[in-house]
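Throw the hints in and build the complete structure from the sequences for me.
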Amino acid sequence: MSHSAYLTVTGQRQGKIRGPVTLPGRKDSIRVYSGSHEIVSPRDAATGLPTGNRMHKPMTLVKEIDCSSPLLMNALVTNENLNEVLLQFWQQDRAGRDVPYYTIRLLNATISGIRLVLTPETLPDSILPAEREELTFTYRKIDWTWQQGGLSATDDWTYPVV
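Going by numbering that gives the first Met the number 0, the residue at position 61 of the sequence shown is 60; the numbering climbs one at a time, nothing skipped.
Just so you know, the hints here were simulated from the structure itself, not pulled from any lab data.
A few of these clues could be false.
[As the list claims (entries may be wrong)] What follows is a list of derived Cβ distance ranges for each label pair:
(1) 130 x 48: 45 to 51 angstroms
(2) 151 x 9: 18 to 24 angstroms
(3) 114 x 21: 40 to 46 angstroms
(4) 77 x 44: 38 to 44 angstroms
(5) 56 x 151: 20 to 26 angstroms
The C-beta atom is built at its ideal place from N, Cα and C for all residues, glycine as well.
Put into structure tokens, the structure is as follows:
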């Protein structure tokens with residue numbers, strides 16, 4: 000198995016939004032095909048020193064249209080608070096077992112956009128599904144965890160870093 004990412008979304012009203020995945024350890028999650036996320040720290044061009052607060056940009060994740068699609072759309076149109084958005088990255092260990100190795104957790108998140116994308120199925124070598132959605136999340140707090148050794152970092156953008 001190549002490196003893979005799986006998404007679990009828990010809403011305040013809907014509870015766990017179930018996806019179609021049936022793999023052990025990832026049951027009811029949502030397969031993520033690609034994504035992007037950026038945090039920037041404004042800097043003075045001459046000195047390189049910070050000129051303001053860090054800025055968390057929205058996280059965008061790409062998934063195929065599946066059983067979670069209407070529930071995610073409902074979370075968007077009702078502005079449902081998402082207690083937790085968990086993005087888990089999996090790989091094979093030396094024994095050939097699938098294990099999570101990196102986790103990104105968003106707390107107090109919302110879906111700020113869903114973009115439907117349709118492409119011809121005739122595109123060669125495309126790993127993306129022809130029918131897919133781009134989910135955009137905003138959040139209050141983010142945690143990053145490297146499973147081996149328990150290395151982690153957290154940022155709550157509502158609090159200044161001292």
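To see whether the hints hold, each was checked on the structure:
Separation of residue 130 from residue 48 is about 47 angstroms and conforms to the stated range, judged on CB atoms against 45 to 51 angstroms. Distance hint check for residue 151 and residue 9: the Cβ-Cβ separation is about 20 angstroms, which falls inside the suggested range of 18 to 24 angstroms. At roughly 27 angstroms, the beta-carbon separation of residue 114 and residue 21 lies outside the given 40 to 46 angstroms, and the hint is violated. Residue 77 and residue 44 have their C-beta atoms about 43 angstroms apart, which keeps the hinted 38 to 44 angstroms range intact.
The given range of 20 to 26 angstroms is respected by residue 56 and residue 151, whose C-beta atoms sit roughly 21 angstroms from each other.
Hint 3 from the list above is the single one not met by this structure.
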